[in-house]
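Chemist: The primary structure of each chain is shown beneath.
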Amino acid sequence: MQDFEKLGVKPVAISVDSPSESQDLCRKAGYTYTFLSDPNTEVIRRYDLLHKGAGVKGHDIARPAEFLIDSSGTIRWINLTDDLRVRARPDKMLQAASTLASQ
Amino acid sequence: MADTLPANTNAPDPAAPQSGTKRRPNAPLWIGFLLSVFAFLSYIPIFAKYPVTRDMPWANFLIFALGLIFLFLGLRRAFVQPTLYRGKIAGPILATLSVAALVFFCFTIFSLGKHLPLSTQAPKVGQKAPEFALADTNGGIISLATLLSTPAASHPTKGVLLVFYRGYW
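Order-wise, the sequence lines are chains A and B. When you line the first sequence up against numbering that gives the first Met the number 0, it's residues 0 to 102, in that order. When you line the second sequence up against numbering that gives the first Met the number 0, it's residues 0 to 168, in that order.
Hints in this document: simulated from the structure, not taken from any laboratory. Beta carbons: idealized from backbone N, C-alpha and C, even for Gly. A portion of the hints provided could be inaccurate.
Said to hold, decoys possible - Here are a few chain B residues that face chain A, going by a calculated C-beta distance under 7 angstroms:
1. F60
2. A64
3. P81
4. T82
5. S118
6. Q120
7. V124
8. P129
9. G166
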């Protein structure tokens with residue numbers, strides 16, 4: 000994640016977790032980047048990432064996805080994971096981010 | 000310990016072990032049980048890695064079926080030939096545990112296997128990212144516009160990597 004910050008790209012994580020739940024997670028994992036709460040899935044739905052009933056207690060949550068947005072607010076790269084067990088490879092994400100940094 | 004009854008008792012109890020004849024261990028019972036355990040445990044480390052065996056875990060079901068067949072054979076031996084084979088107590092216990100493992104496996108697969116939504120309406124590359132304003136962990140409200148305009152650690156911000164994740168960890 001520090002690699003992204005070096006490139007001037009801010010990683011921002013969004014989920015339905017409450018701010019206190021995210022804070023716990025950050026503390027345990029040592030994350031320092033921004034974590035945002037979307038408990039009503041408002042923004043998750045705006046990005047069409049709603050995964051109905053897939054949460055632990057049958058709650059609606061987000062399906063995993065990454066969006067790289069440039070300084071003008073335009074989306075430059077998207078990764079919608081097909082598989083819950085596969086995350087976007089960091090090198091692909093960094094590659095996309097470095098094209099932004101070189102502008 | 001060896002039986003202390005005399006070898007030539009007049010009315011031998013067919014259900015009791017005959018002295019001098021040791022009952023054989025009931026291998027199918029244990030093979031069946033171990034197969035069921037393997038069928039249950041092998042999904043995540045082995046079969047979930049390959050799409051062909053992940054979405055419908057037929058390989059695990061096959062191993063479970065094999066295990067249950069062995070258990071059935073073992074139970075039959077224990078109850079039909081109790082003088083030759085052990086397992087009248089262990090058998091039902093192992094069989095119950097194996098069936099329970101199968102039932103639990105089915106529930107787990109059902110909850111793991113909820114298919115991901117298609118997300119066809121998600122914003123595409125080249126489109127403007129939808130605006131948002133959400134609470135961060137410090138109690139403030141952060142918007143996309145703010146994220147893009149405020150510099151990060153003395154460098155101007157070149158972009159934002161939005162990472163949506165499942166939450167509820």
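Chemist: Work down the list of hints and note, for each, if the structure agrees.
Modeler: Status of each hint after checking the structure:
At about 20 angstroms, the closest approach between the beta carbon of F60 (chain B) and any beta carbon in chain A exceeds 7 angstroms, and the interface hint on this residue is violated. For the restraint placing A64 (chain B) at the interface with chain A, the shortest Cβ-Cβ distance is roughly 26 angstroms, beyond the 7 angstroms limit, so the hint is violated. The interface hint given for P81 (chain B) is broken, as the beta carbon of that residue sits about 47 angstroms from the closest beta carbon of chain A, more than 7 angstroms. The criterion of a C-beta within 7 angstroms of any C-beta in chain A is not met by T82 (chain B), whose closest approach is roughly 51 angstroms, and the hint is violated.
Hint on S118 (chain B) holds. Least Cβ distance to chain A is approximately 5 angstroms, under the 7 angstroms limit. Satisfaction of the interface hint for Q120 (chain B) is found here, the shortest Cβ-Cβ separation to chain A being roughly 4 angstroms, below the 7 angstroms cut-off. Contact between V124 (chain B) and chain A, as hinted, is supported at the beta carbon level, the nearest pair being about 5 angstroms apart and thus within 7 angstroms. Because the beta carbon of P129 (chain B) sits about 5 angstroms from the nearest beta carbon in chain A, less than 7 angstroms, this interface hint is met.
Restraint check, G166 (chain B) versus chain A: the minimum CB separation of about 3 angstroms is within 7 angstroms; hint holds.
Hint check: violations occur at hints 1, 2, 3 and 4; the rest are consistent with the structure.
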